[in-house]
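Just need the whole structure built from these sequences, with the hints factored in.
There are 2 protein chains.
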Amino acid sequence: MARLIEVTDVILRDAHQSLMATRMAMEDMVPACEWLDNAGYWSLECWGGATFDSCIRFLNEDPWERLRTFKKLLPKTRTQMLLRGQNLLGYRHYEDGVVARFVEKAATNGMDVFRVFDALNDTRNLEAALKAVKKTGKHAQGTICYTVSPVHTVEKFIDMAQRLQDMEVDSICLKDMAALLKPQAAYDIVKGIKEKCGDQLLVHVHCHSTTGVTLVSLMKAIEAGADIVDTAISSLSLGPGHNPTESLVEMLEGTGYTTRLDLDLIYKAREYFAGIRPRYKEFLSEVTGVETEIFKSQIPGGMLSNMESQLKQQGQGDKMKEVMEEVPRVRKAAGYPPLVTPSSQIVGTQAVFNVMMGPYKVMTGEFSDLMLGYYGKTDDEKDPGVVAKAKEFGKKEEITCRPADLLKPEWGKLETDAAKLEGFNGADEDVLTFAMFPQVAPKFFKERSKGPLNLGKDPVVAKAATGGPAGGALTSAVEYEVSINGHKQKVTVAPA
Amino acid sequence: MARLIEVTDVILRDAHQSLMATRMAMEDMVPACEWLDNAGYWSLECWGGATFDSCIRFLNEDPWERLRTFKKLLPKTRTQMLLRGQNLLGYRHYEDGVVARFVEKAATNGMDVFRVFDALNDTRNLEAALKAVKKTGKHAQGTICYTVSPVHTVEKFIDMAQRLQDMEVDSICLKDMAALLKPQAAYDIVKGIKEKCGDQLLVHVHCHSTTGVTLVSLMKAIEAGADIVDTAISSLSLGPGHNPTESLVEMLEGTGYTTRLDLDLIYKAREYFAGIRPRYKEFLSEVTGVETEIFKSQIPGGMLSNMESQLKQQGQGDKMKEVMEEVPRVRKAAGYPPLVTPSSQIVGTQAVFNVMMGPYKVMTGEFSDLMLGYYGKTDDEKDPGVVAKAKEFGKKEEITCRPADLLKPEWGKLETDAAKLEGFNGADEDVLTFAMFPQVAPKFFKERSKGPLNLGKDPVVAKAATGGPAGGALTSAVEYEVSINGHKQKVTVAPA
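As you go down the protein sequences, you meet chains G and V in turn. The first sequence lines up with residues 3 to 498 when you count with the working numbering. The second sequence lines up with residues 3 to 498 when you count with the working numbering.
Treat the hints as calculated values from the structure; they're not laboratory data. On a predicted model such as this, the values are computed, not experimentally measured, just so you know. Mixed in with the good hints, there may be bad ones.
Remember, identical chains collapse to one label, so a pair may be satisfied in a single copy or spanning two.
[Claimed, not checked] Derived lysine-lysine pairs resembling DSSO-like cross-links, with alpha carbons at most 27 Å apart:
1. K270 / K298
2. K137 / K73
3. K363 / K321
4. K321 / K270
Laid out in structure tokens, this is it:
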């Protein structure tokens, strides 16, 4: 008997986030839901990540309504979301009460599986969210962000899995957002987790396909005992996206592993999305092949293009090589954070400043916060000299507690502020939307009644929307506060 | 100590044959040769297949000169070619003397490794070529064309390897031209060959990447003992092409296997070819993602589009589904030939005729030849009823001998005929060019002195050249002789 490998398809969330800047209209997903729901997936990732931001920023669509619609259209299959721990779907730390409220509302509106991660792998930033998920009775998945550095050993990831198990997660996700997870590492980590945490703890592996090696990594993860893997139906796969679902199914034929997926239904969805994809050509990723340089540079592609555009804006496009050499030094000084939103932008921008003005002559507010522990704990010690400078620039002390412990209850104020907005519907869901996107929510509430846009249908609207501040896969147009000789300046860095 | 895995890069031959219709100009390959030659490859495939045809048909370039140039530019690395056994690089069976002469001349002009295959896996069609290679002292590689059918068991492929070993080949190639080789089959076949033929017999695995699973198959083949694998540098990889070289190298990190490739040099070549590729956009394959339907239909993509265009020409485009269902029946009747040039075209065209006019109401000359053994032996018994009809249509008897045994020495006549052509240079190489391409060679000899074309540089010439008869990856514009009620008609089927 072959061992059953379960599959999560990310076509309704991460696939279009990675390949078409998170722009796919709900209208374009609805027709495929019946096929997807009957195809035999363990879950369908369909919410969270950048979709919430994209819905209100670009699509004039209520993300909570999207969630309810998915729940209705996918009655047989678990819905799944990606949640940035204490940041929820926004870009700052929220107080525990807000985190709990968000999770409760997501569950009530139809969410089944919560994949919770923290950009620094600081498990304290996952505590509140995971506890809240457990309280709703839904599936709490604790996430390990995979990264490569001198301090990120196989043992370190296994230890993190054990800490997540102690937090009573229902499963562990090994999340490889940059396609850095090579086959042997995939095998060793999954094997190690299974040995240390027991075979009954579900291990779910998420890989992007950017480097071209990760379908092999999924094979090795499966051989090591992985229970669930993430893929995307082929017409929205590969490049910076994910490995094709059909290839995974076929790959396992004759091995000791099998899926329960119905390829006939998947082929229908494949054809359908193949027809949808070209309509979003303005948003499509230009990369369709593989990019293996990241193994050498350790710098994700999105971060590279970000830094390039920052340098060009300053007329210093020729400094790219120096910046690429500076990134590992900055990352080391910061204690080797994984390079994922927002740490990738924070480290990248600091590297740009270091090259342009000299090492740490200027420091962004975010970088000093990172150095002083306000994002949480990194896996390695930080450079004491740079920490000292961060104290000067940031005019703050270093903290070692869980960052959210410093936050005061804020729900009441959020409710009061939201209530003042035109178009606010009075529901907790709207308060949460406002809490996460205070700049964008007011306009959205006001215009919500006009109904959702389909940027794949109307090229004129699409054109206007490309000019927006957030670029999709990297949704974080981060405002930096830069101190130069004690004078603070605001610098906005938007993804290229 | 990790076991050394050797690599053949196909970027100078099969990569551009598969992705840009074999059109890459020699001029565009020359600048990369020094990097490639120093990168540590076991061999560089750079000649044979469709390149010979393309050189004289589209590029006004002498393929023999191309070979000599490669030999000069690649002094440290084996050159490698693909040879269609008794068909050489043409589309009919040649008498053994011509085969021997071709091999001898290829060796003299610089070829080191001869990968010899037969579309039907009839080893008798490899005998003359392999013997000739052995005589030159060069590397004789016997090839197994991988295919899937009810009769193609793992044992059958292993048996074929043993028969090739008996023919004293220097290595075995497992050739997966349609990306059908799944990981478990790759493992089982390579393991079986190593067990049966001894570990010292080199096994070389060639996969296309069309279905998205074959990098995993290469991993499994390596685990089973494969010695050499084929890849292509990433900027000319994937889609109907091959797995990316860089991904293979990175995939093996930390495993018990390693390559001796220098990625820094490969990145230089990658950047270089990334710049060349867009210049050939008129010839580029439209497929960049994966195509897994072939696992279900067993019909390679090129064959599908071929049949579709035949049906459309007849105003019967709506019959595609029937034709797709007819293909497996025709293939079964013919004894399950692998579907590769020319058998794919022969089976496909017969399926089209069967659907349009009723089963075997009409038979192409090629199909009756296939049924009567004139292409060689297939792996399964043929349908006796269809064989009987083939005798009627073809007005020939069935043969069971090696087809080339029926051929009389022909070198003298070829020499005499070639000598009459304007521009013939008097060399045996020119006689061979004429022998393989009697329709194309006269024009080429006449215009050769004008020098090679670069279709990537001159869009106007490129445009004109797209209209030519042979479409690149499928170079065989096959002339069929169709008998309808005893009346013979010529039908030319050119790849779509």
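Going down the list of hints, with the structure as the test:
For the homomeric pair K270 and K298, the shortest alpha-carbon distance between copies (14 Å) is at most 27 Å, but the shortest distance inside one copy (39 Å) is not. Taking the shortest Cα distances, K137 and K73 sit within 27 Å of each other inside one copy (20 Å), while across copies they are farther apart (71 Å). When the C-alpha separation of K363 and K321 is checked against a cutoff of 27 Å, the pair qualifies only within one copy, where the shortest distance is 17 Å, while the shortest distance between copies is 72 Å. Taking the closest pair of Cα atoms, K321 and K270 come within 27 Å of each other only across two copies (20 Å); inside a single copy the shortest separation is 48 Å, beyond that limit.
In this structure, none of the earlier numbered hints is contradicted; all agree with it.
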